[in-house]
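In case you want the letters, here they are:
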Amino acid sequence: MAAETADIEDHEGPIIEVKGLVNRFGEQVVHDGLDLTVERGEIIGVVGGSGTGKTVLMRSILGLQSFTAGDVHIFGKPVKGLGEQEELEVRRRFGVLFQNGALFSTLTVAENVQVPLREFHKMSQELMDEIAGYKIGLTGLGPEAGPKYPSELSGGMRKRAALARALALDPRLLFLDEPTAGLDPIAAAAFDELILELSEALGLTVFLITHDLDTLYTICDRVAVLADKTVLAAAPIEELLEIDHPWIQEYFKGPRGRAASAAKTANRNREAATA
Amino acid sequence: MGEATIHDERTDEGRRLTLHGRLTVRFIEKISPRLREMEDDPVPIVLDLKDMKRVDTTGAWVLYRLIENRREHGYETELAGADDRIQGLIEQVGKANQTVKIRPPQMQRRYAVLARIGGWIEGGVHQFGTFLAFLGMTMLALVKNLRHPRRLRWLAIMRQAEVVGVSALGIVGLMSFLVGIVIAQQGAVQLRQFGAEVFVINLVGRITFRELGVLMTAIMVAGRSGSAFAAQIGSMKLAEEVDAMRTIGMPPIEVLVLPRLLATTIAMPLLAFYGAIMAIIGGTLISWLQLGIPPVTFILRIQEVVPITDVWVGLIKAPVFGIIIAVTGCFQGMQVSGNAEEVGSRTTAAVVQAIFLVIVLDAFFAIFFSVLGWL
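Line by line, the protein sequences are chains A and B. Residues in the first sequence are numbered from 1 upward in steps of one, following the numbering used here. Residues in the second sequence are numbered from 1 upward in steps of one, following the numbering used here.
Derived from the structure by calculation, the hints contain no laboratory data. Heads up, the beta-carbon is just placed ideally off N, CA and C, and yes, glycines get one too. Hints are not guaranteed to be accurate.
Derived DEER-like restraints, expressed as beta-carbon distance ranges [as the list claims (entries may be wrong)]: (1) B:Phe356 x A:Arg256: 52 to 62 angstroms; (2) B:His7 x A:Gln85: 23 to 33 angstroms; (3) A:Gly20 x B:Arg116: 52 to 62 angstroms; (4) A:Ala102 x B:Leu132: 33 to 43 angstroms.
Once the Cα atoms are required to be at most 30 angstroms apart in a straight line, the calculated DSSO-like pairs of lysine-lysine come out as [as the list claims (entries may be wrong)]: (5) B:Lys101 x B:Lys30; (6) A:Lys148 x B:Lys101; (7) A:Lys148 x B:Lys95; (8) B:Lys144 x A:Lys122.
Here are a few chain B residues that face chain A, going by a calculated C-beta distance under 10 angstroms [claimed, not checked]: (9) Thr24; (10) Ile28; (11) Thr57; (12) Trp61; (13) Arg85; (14) Gly88; (15) Val242; (16) Ala244.
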């Protein structure tokens with residue numbers, strides 16, 4: 001048991017490794033031989049048109065959904081066929097932010113944050129309360145958010161609260177499903193900033209599904225493009241722009257893509273000027 | 001390997017704590033109390049972190065708590081051998097640190113009881129008021145639509161009548177048939193003691209037409225359709241479909257409530273009559289098998305002993321029960337707002353209230369008809 005733990009802790013090499021993933025629902029093939037590698041410490045953005053299976057890919061990696069064929073390794077462990085104990089060992093090392101937060105509606109925000117702590121560790125209530133306090137603060141929520149129920153929160157606050165729960169166990173790997181969808185541009189920019197800051201401070205690896213071009217430009221080290229049932233390319237945006245594929249060209253060079261790119265360049269220029 | 005350990009030594013200047021291993025959320029429970037104890041030690045403490053393998057935010061926060069609480073007491077703490085990452089982490093969690101209430105503030109017990117009673121009363125009065133308003137709106141819409149029958153949505157009415165009535169034939173028939181069997185069989189056991197088995201026919205005939213056919217059907221329709229009305233309309237409200245209708249200019253009462261109301265009102269007497277017939281068939285069968293009364297005799301006797309007013313009593317009650325079921329179901333559905341949980345609780349409320357009201361009204365009807373002399 002101890003040896004197993006050390007194994008995961010000291011795991012070198014890619015954090016997520018997907019090889020030849022096939023997902024089929026009846027007649028419909030979503031993924032056909034999909035490969036993707038996520039390295040330690042990087043923020044990888046996953047984009048693709050509707051129905052290209054971004055969420056299915058994430059659910060396959062998380063082990064929430066069984067896939068037709070292929071191999072998925074997370075921290076060097078296969079997600080299929082793990083023992084119960086081993087699976088828990090892997091699970092406590094990643095946090096997930098679902099698209100709509102998926103906060104438990106019968107618990108307050110602070111209690112939501114404490115759920116994973118209570119589930120995985122024996123801890124005094126006092127310590128758990130203190131931990132919930134700074135976790136909630138870490139995601140930029142004030143102390144007044146703690147005793148509130150999810151239904152009393154705005155969309156942006158709910159996402160932050162869900163992020164606090166995802167961070168409760170100090171995961172090494174964070175999955176984010178459209179974290180900025182439904183947020184206003186100011187809140188979305190703040191959320192991007194928050195994720196970038198946290199990933200730097202905690203050495204997080206982030207797997208991020210998004211349609212938000214600004215997020216892609218601001219925080220992602222690499223972007224994986226899902227199209228034609230596979231990962232078309234996984235590279236920094238600058239390199240993606242060189243690829244001659246109609247969807248990629250349209251996605252990044254369409255009016256919104258150009259605007260986001262211009263904003264990024266302007267930002268960089270401003271930073272260079274002040275430096 | 002793994003767990004964090006503290007090496008504690010006294011030096012000339014004070015105490016030197018050397019930490020080894022991993023200071024992570026996993027091992028925090030053992031370390032946290034030990035560090036808490038040191039908060040009250042007035043001698044200067046040096047925290048040596050150079051042999052730490054890994055510190056996560058929880059670990060950093062425990063260190064922050066130690067340093068901060070000692071600083072408040074005016075004691076000195078020095079961090080040694082901490083790299084930038086750990087320093088940064090401690091700074092980050094320090095900024096994030098806040099005391100958070102876990103649950104909303106709670107009232108004192110005796111006040112809480114009073115508050116709850118008050119809440120019930122307020123809720124009940126409010127509910128009654130909105131129900132009356134809903135009933136009024138429905139009646140207005142009904143009158144308006146009956147004056148211009150072309151405005152009625154006949155297609156929707158027919159579709160609802162099919163769901164409420166035709167689809168229920170199987171279950172209502174089976175249930176009534178079985179109830180008929182039970183009444184005849186139990187009646188026979190009792191009446192045999194007086195040698196009056198033949199009165200089973202009176203028993204079955206009168207009770208099914210007058211009471212049980214209608215009542216059992218109403219309960220089944222409330223469970224099947226009243227709940228469905230509440231759930232359907234409730235989820236439509238959640239998905240903002242009802243609001244969408246309003247903006248398009250389709251009054252939800254006319255589009256959603258009236259067809260269900262009319263369909264249930266039409267279907268209930270038909271179902272109730274059919275239920276009574278099925279119960280009589282059940283009674284006939286058991287009388288034939290157990291008492292040897294031939295079916296023809298049974299049917300002929302029914303005509304003699306069941307006054308036609310019994311049939312009218314059943315047929316008058318049935319549409320009224322239908323109205324109650326449809327109105328409570330639709331009303332509860334329209335009351336849904338907020339989250340999905342409410343659809344469930346409103347659906348439950350619709351069924352419970354409908355059945356309760358049906359039975360209360362049935363009692364009133366019993367008195368009413370006896371005053372009329374329809375015994």
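Cross-check of the supplied hints:
no., hint, result
1, B:Phe356 x A:Arg256: 52 to 62 angstroms, "holds (57 angstroms)"
2, B:His7 x A:Gln85: 23 to 33 angstroms, "holds (32 angstroms)"
3, A:Gly20 x B:Arg116: 52 to 62 angstroms, "holds (60 angstroms)"
4, A:Ala102 x B:Leu132: 33 to 43 angstroms, "holds (40 angstroms)"
5, B:Lys101 x B:Lys30, "holds (24 angstroms)"
6, A:Lys148 x B:Lys101, "holds (9 angstroms)"
7, A:Lys148 x B:Lys95, "holds (22 angstroms)"
8, B:Lys144 x A:Lys122, "violated (66 angstroms)"
9, Thr24, "holds (6 angstroms)"
10, Ile28, "holds (7 angstroms)"
11, Thr57, "holds (5 angstroms)"
12, Trp61, "holds (5 angstroms)"
13, Arg85, "holds (7 angstroms)"
14, Gly88, "holds (6 angstroms)"
15, Val242, "violated (20 angstroms)"
16, Ala244, "violated (19 angstroms)"
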